[in-house]
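Engineer: Residue-level listing of the chains:
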Amino acid sequence: MLSSTKLLEFASNYGIPVWALDGAIAIVFAVVLFAICAISVIINVYLLRKISADFQLRYGPMHVGWHGSLQLFADAIKLLTKEDIFPSNADRWIFRLAPVVTFVPAYLGFLVLPIGHGIVIQDLNVGLLYILAIPAIGVAGIIMAGFGSYNKYAIIGSLRSAAQMVSYEVPRALSIIGIVMIAGSAKLSSIVGAQHVWYIILQPIAFVVFLVSTLAEINSTPFDLPETESELVNGYYTEYSGMRFMFFFFAEYVALFAAATLTTVLFLGGWHGPGPEYLGPIWFTIKTFAMIWVIMWIKWTLPRFRIDQVMDLGWKVLLPLALINVLITGLVMMII
Amino acid sequence: MIEQVIFFALAAVAIISAIAVVLSRNLFHAVMILGGFLLTIAGFYFLLNADFVGIMQVFVYVGGVIVVMLFGIMLTPHEANITNAAKLQQKLGTYIAVAALIGLLAMIFIRTTFITSPAEPVKDTVSLAGKLFMTNYVLPFEVISVLLLAALVGAIIVARKEEH
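Chain order of the listed sequences is D and X.
The numbering used here puts the first residue of the first sequence at 69, with every later residue one more than the last.
The numbering used here puts the first residue of the second sequence at 4, with every later residue one more than the last.
It should be emphasised that the hints constitute simulated quantities derived from the structure, not laboratory data.
Take the hints with a grain of salt, since some may be wrong.
Within a straight-line C-alpha distance of at most 20 Å, the following computed SDA-like cross-link-like pairs (lysine to any residue) qualify [stated by the list, open to error]: (1) X:126 <-> D:252; (2) X:134 <-> D:394; (3) X:126 <-> X:68; (4) D:384 <-> X:163.
Have a look at the derived ranges for each label pair, beta carbon to beta carbon [what the hints assert, rightly or not]: (5) X:10 <-> D:272: 17 to 25 Å; (6) X:78 <-> D:272: 35 to 43 Å; (7) X:102 <-> D:110: 56 to 64 Å; (8) D:104 <-> X:22: 53 to 61 Å; (9) D:343 <-> X:152: 48 to 56 Å; (10) D:391 <-> X:162: 55 to 63 Å; (11) X:9 <-> D:99: 19 to 27 Å.
What you are looking at is a predicted structure, and each value in this text was computed from that prediction instead of being measured.
Just so you know, even glycine gets a beta-carbon here, dropped at the ideal spot from N, CA and C.
With these hints in hand, go ahead and build the complete structure from the sequences.
Structural biologist: Written as structure tokens, this is what we have:
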């Protein structure tokens, strides 16, 4: 995608060096990606509030704009103009950096996602590994938030979150191995390209394991222990306010969006769909939002686990299931 | 040209953060900076076209080792600022050990002739690494898997002991 031949010709005509062109393109992509993230967050939060209201037989936001559609902009403006509070005992640098360290990895995951045939910013050969490794940096950000705020709720929340994310990374990564085996590549565009039959049909066990551990990774109910309102006030970002709070909020919804897009790429056939190829991104978007709806459906239906149940499920159920799935996939591939 | 600029920028960040890790009085800060340092090492791998190794560096070190270290710091009681003055003997010993290490490393660097390869960098490192693991390096690969299994079993035994 970067520096296509036409652009290179254009650059050489005007005497622009290649690295400057690459840099300019990279900046444009970064801005576009950020805009997409911001829009997706706004849509997701609106959907979340409306869907949760629907599940609880309420209306949800109704007054600002048509059916409350402008409510999120009002909320954003409110958060931006709020006072920025530092707890008196906070570790200032850690406290300041934590929202950034949490947010940036969530946003970097989109770098390798193919949303259409050939529409991807950086089609890495190790794309799948990249997308699994990047959220790992976010864990450090969450621990920083907990430690930096000097607050018992924040520390407990961040410890729970880190334990949960580190534990569920294992079954999550293992569940995907079956897909890599079938597709024969760790490049996301090749994985989608190989999906003539959606992998949700070929890899049903992997799908269940992946979905459950993804819910745990993005700290969504029934795995929202890091921010259990009834126990920990608001978990690791209890002490944050205003702009910094917004970064955490943003990171959470970007992570939700990223999880839905990744599930689409891996299990729901990515851009594949009836009609001509240029409709790919539309199919991709539809599948992604269907996935977001499923995640929200689970979120508003199931009650929360206890922390020991979460750990048990991760290590004693999902991990063996993922390993069995690898075994079955290997056996079936050998027979066929 | 651009590669050299990136290399020296990364090298500067790596050296400064490595020094900061050692000089930092706060253990938590030291580990956080260590995480940054390990990320710059991943940057070097990417610069060398070793994308698989680079990703693994992020996955294992930043996502695993650093998080476990932070756990260790947060779950164990510790003073925020330990300022035990070192004894003269300890200082002397440290200086001698560091000087010896620097001398040794310098000698290795001077005596080694670094080979540069004119070959084009490999495009698909993952599949190549996979093939090599299953052919040329199958014995080390199996030995590592036994080692990891032993570590896993050991961890379970250590965890069970505390229950009794």
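Engineer: I want to verify a distance hint. Is the separation of the beta carbons of residue 10 of chain X and residue 272 of chain D within 17 to 25 Å?
Structural biologist: For residue 272 of chain D against residue 10 of chain X, whose Cβ atoms are near 47 Å apart, the range 17 to 25 Å is violated.
Engineer: Mind checking the hinted window 56 to 64 Å against the Cβ distance between residue 102 of chain X and residue 110 of chain D?
Structural biologist: holds, 59 Å
Engineer: Honestly, do residue 391 of chain D and residue 162 of chain X meet the 55 to 63 Å range at C-beta?
Structural biologist: violated, 20 Å
Engineer: If I claimed the Cβ atoms of residue 343 of chain D and residue 152 of chain X lie 48 to 56 Å apart, would that claim hold in this structure?
Structural biologist: For residue 343 of chain D and residue 152 of chain X the Cβ distance comes to about 50 Å; the hint holds.
Engineer: Hint says 19 to 27 Å; check whether the CB-CB distance for residue 9 of chain X and residue 99 of chain D agrees.
Structural biologist: holds, 22 Å
Engineer: Does residue 163 of chain X lie within 20 Å of residue 384 of chain D when you go C-alpha to C-alpha?
Structural biologist: holds, 15 Å
Engineer: Taking 35 to 43 Å as the stated bounds, is the beta-carbon spacing between residue 78 of chain X and residue 272 of chain D within them?
Structural biologist: Given a distance of about 38 Å, which is inside 35 to 43 Å, the answer is holds.
Engineer: Can you confirm whether the C-alpha distance between residue 126 of chain X and residue 68 of chain X stays at or below 20 Å?
Structural biologist: violated, 29 Å
Engineer: So if I understand the rule, the pair passes when the alpha-carbon distance is 20 Å or less; does residue 126 of chain X with residue 252 of chain D pass?
Structural biologist: Given that 20 Å is the threshold and the Cα spacing comes to 16 Å, the pair holds.
Engineer: Assess, step by step, whether the Cα of residue 134 of chain X is no farther than 20 Å from the Cα of residue 394 of chain D, and give holds or violated.
Structural biologist: OK: residue 134 of chain X and residue 394 of chain D at ~19 Å, within 20 Å.
Engineer: Within 53 to 61 Å: is that where the Cβ-Cβ distance between residue 104 of chain D and residue 22 of chain X falls?
Structural biologist: For residue 104 of chain D and residue 22 of chain X the Cβ distance comes to about 39 Å; the hint is violated.
When held up to the earlier numbered hints, the structure conflicts with 3, 5, 8, 10 and fits the remainder.
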